[in-house]
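Asker: Sequences and hints are given; from them, build the entire structure.
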Amino acid sequence: MGLEYVKIAPGFERYMPRDYVDLVKMGQFGRQVDVMDLGQFKELVEDHPMCAGCYMAYFIRIFYASLPNPEDTIVLGTAGCARLALSQAAVPFIYGNYGDTNAVASGLKRALTIRFPDKHKDVVVIAGDGGLMDIGFGMTMHSWFRREKFTTIMVDNEVYGNTGGQESGMSPKGVQLKMAPKGKQFDKINAVELAQTAGCVYVARISPTNPKRIAKVIRRAILAARHFGPTFIHAYTSCNIEYSIPTREVLADARNREKKDFKFYEWMTDEVKEYFEEMEKKEVKA
Amino acid sequence: MVEQKVVDPDYLILEAPRERKFITGSQAFAEAIKRANVDIAIAYPITPQSETMHLVGDLWAQGYVKDYYRAEEEYGAMSAIAGAVRGGARAFSATSGPGLLRGLEAIVSWPGHRIPAVLGVMTRVVNAPLSIQPDNVEIAYLLHSGLIVFHAENQQDVFDFTLAGFPISEKVDVYLPVVVATEGFFVTHAKGYVELPPEDMKLPPRDPYKAPVPPTDCEIPPARIQRDAPVQKSNFMSYLIHAVWQQEVWSANERARKWINHYLGGLIEVVNPKAEVFIVASGCAAAQGREAQRYAEMEGLNVGLVKVRSIRPFPTQELREVLKDAKAIIVPEHNIVGWLCKEVKAVIPNGDRVVEGPRVYGGMTLPVELIMDEIYKVLGIKKEKKTLV
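Chains A and B, in that order, are what the protein sequence lines are.
Heads up, the first sequence is in my numbering, so the first residue is 1 and it goes up one at a time.
Heads up, the second sequence is in my numbering, so the first residue is 1 and it goes up one at a time.
Accuracy of the hints is not assured; some may be wrong.
[As the list claims (entries may be wrong)] Some but not every residue of chain B turned toward chain A, in silico, with C-beta under 8 Å: (1) Gly-76; (2) Ala-84; (3) Ala-89.
[As the list claims (entries may be wrong)] In silico DSSO-like links for lysine-lysine, alpha-carbon gap of 27 Å or less: (4) A/Lys-119 - B/Lys-66; (5) B/Lys-210 - A/Lys-7; (6) A/Lys-173 - A/Lys-184; (7) B/Lys-21 - B/Lys-191; (8) A/Lys-212 - A/Lys-263; (9) B/Lys-191 - B/Lys-258; (10) A/Lys-216 - A/Lys-25; (11) B/Lys-210 - A/Lys-119.
Since the hints were derived computationally from the structure, they do not count as laboratory data.
Cβ atoms here follow ideal geometry from the backbone N, Cα and C, with glycine treated the same way.
Answerer: In structure tokens:
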């Protein structure tokens with residue numbers, strides 16, 4: 001049904017906003033776009049109120065361009081910067097309470113599975129380091145223990161950006177932030193290792209420097225979640241405001257972190273690996 | 001599993017033949033869920049609720065409920081209920097005291113998210129000190145959130161309120177969550193007679209498209225409660241949007257009245273409407289009030305009972321009408337704050353007619369003698385202390 005609900009009813013085309021008509025005619029619904037063609041199709045998210053130079057905004061733009069099936073995708077977010085852009089996209093978005101994303105997504109995905117057993121309805125959580133690893137930690141972990149079939153993407157800016165720059169569990173040790181006046185006292189949480197231990201079937205860590213790779217990772221995480229179980233992407237999306245990164249150096253900073261603690265890492269179960277190999281073989285043939 | 005056929009809610013709730021069973025309150029909750037065509041139930045243990053959700057789990061194992069799991073804790077459980085209902089499913093959960101308060105941030109956001117679901121609340125002391133006994137102070141925390149709140153007197157009420165809770169909750173002009181509260185242990189773990197409709201019948205499935213706020217399922221354009229930037233910002237539009245949304249939630253709560261009248265026979269029940277003195281009570285206190293009214297009648301005293309079934313919406317007009325000539329109004333309660341007493345006082349003229357209590361708390365039983373003492377006092381009768389059985 002997905003495609004049906006985004007289409008414009010016959011006769012209404014000339015009354016619909018131009019933006020929406022473009023979205024249906026020149027957007028991503030019903031076709032797979034190449035992320036390298038950004039700018040040549042109508043994107044799912046355009047306007048957003050994120051800060052100039054925000055790397056999270058860039059990541060979210062790539063995220064939407066990478067969706068395998070945007071007309072049948074639901075995105076969930078929580079308090080934090082990401083939701084400011086997520087709520088502006090042409091993809092259904094649910095914002096619940098603080099850190100509840102992975103519990104809400106569990107209920108949602110199960111309801112969709114009961115109601116549409118023969119369809120793929122992709123559920124994707126995009127939340128920050130605070131939402132997933134601090135306040136929502138228990139719900140994040142338990143959604144993985146339960147093997148809930150949805151994707152969790154942590155946009156890690158290593159700080160509570162939207163509340164004005166407080167320390168989070170993902171801030172590096174020693175960094176001085178609000179609520180950490182003497183510098184953070186403990187190490188950055190190893191989210192990737194936790195995800196693997198907790199039962200995710202596909203896990204990736206990425207510093208978003210290469211759009212093609214980001215797109216591939218997002219697509220894989222969503223497809224693996226459809227068929228096998230929980231998937232997790234840990235993405236470094238710096239906060240140029242709280243970490244005082246000059247706008248023109250945001251990409252250089254991402255590259256620098258990629259060489260250090262955000263080296264590209266991808267792990268999946270044998271079953272998932274086999275599935276992708278099969279799929280990619282078929283794609284080459286086609 | 002018994003093969004079940006879908007029947008009209010009015011038939012199942014109001015007309016179908018009923019058979020008498022002697023069951024606990026927890027079993028009464030489960031019997032209602034068995035006939036409610038529930039898609040998903042999400043459980044988390046806490047005494048005295050645990051037995052209810054374990055029985056509902058058995059219903060899932062037998063095939064009466066489509067999906068079920070034991071959640072990480074109550075905040076996770078109640079958040080997942082919100083997700084499931086927004087995805088178009090019919091959902092049920094239940095909790096008690098500290099569990100209710102742990103899940104409260106999620107629960108009190110359900111009305112704003114327009115989540116039609118049913119939540120069982122089996123009352124328990126709110127710590128500290130630790131206790132598991134049935135004090136019902138927790139109901140006070142539910143009254144200002146837009147939730148519909150019923151208070152069940154006994155096992156029969158538990159069954160009727162829970163089963164009717166689903167159609168009331170899902171009515172297009174209501175579309176709010178329904179709480180069915182009852183006293184832990186006194187009702188959940190004690191047996192009583194319950195008239196049950198046949199188990200081979202069930203409610204029609206939820207139709208999520210018959211809704212003022214559509215589901216988020218990628219089948220129709222979703223409700224985008226957080227869609228527009230103004231809602232998230234501090235400006236006049238955001239205040240206005242939020243204000244209007246709250247007004248609509250409370251209007252919907254008011255609109256539930258006609259469905260409560262239809263399915264439950266009114267927001268209140270009145271015994272001896274021409275009485276001089278009234279006992280006004282809800283839940284288990286109403287059961288004790290009913291006994292006190294009976295004793296008073298045996299002693300030739302003109303005492304009546306008003307049982308309040310629905311705490312939200314509150315029976316303002318009904319109470320004003322019934323109590324207009326009452327000389328005194330006695331409000332027995334199972335909590336120290338007297339939330340029902342405050343509610344009653346606030347809606348009737350001459351509030352000094354209201355006797356504050358008797359109140360028991362910490363999980364104590366409410367002896368009929370305590371209510372009788374208040375009746376004698378307001379009628380100016382001097383009595384030797386005697387024990388009533």
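Asker: Take the hints in turn and mark each one as holding or not.
Answerer: Hints, one by one, checked against the model:
{"no.": "1", "hint": "Gly-76", "verdict": "holds, 4 Å"}
{"no.": "2", "hint": "Ala-84", "verdict": "holds, 3 Å"}
{"no.": "3", "hint": "Ala-89", "verdict": "holds, 4 Å"}
{"no.": "4", "hint": "A/Lys-119 - B/Lys-66", "verdict": "holds, 17 Å"}
{"no.": "5", "hint": "B/Lys-210 - A/Lys-7", "verdict": "holds, 21 Å"}
{"no.": "6", "hint": "A/Lys-173 - A/Lys-184", "verdict": "holds, 5 Å"}
{"no.": "7", "hint": "B/Lys-21 - B/Lys-191", "verdict": "holds, 9 Å"}
{"no.": "8", "hint": "A/Lys-212 - A/Lys-263", "verdict": "holds, 16 Å"}
{"no.": "9", "hint": "B/Lys-191 - B/Lys-258", "verdict": "violated, 31 Å"}
{"no.": "10", "hint": "A/Lys-216 - A/Lys-25", "verdict": "holds, 25 Å"}
{"no.": "11", "hint": "B/Lys-210 - A/Lys-119", "verdict": "holds, 22 Å"}
Checked against the numbered hints listed earlier, the structure breaks hint 9 alone; every other hint is satisfied.
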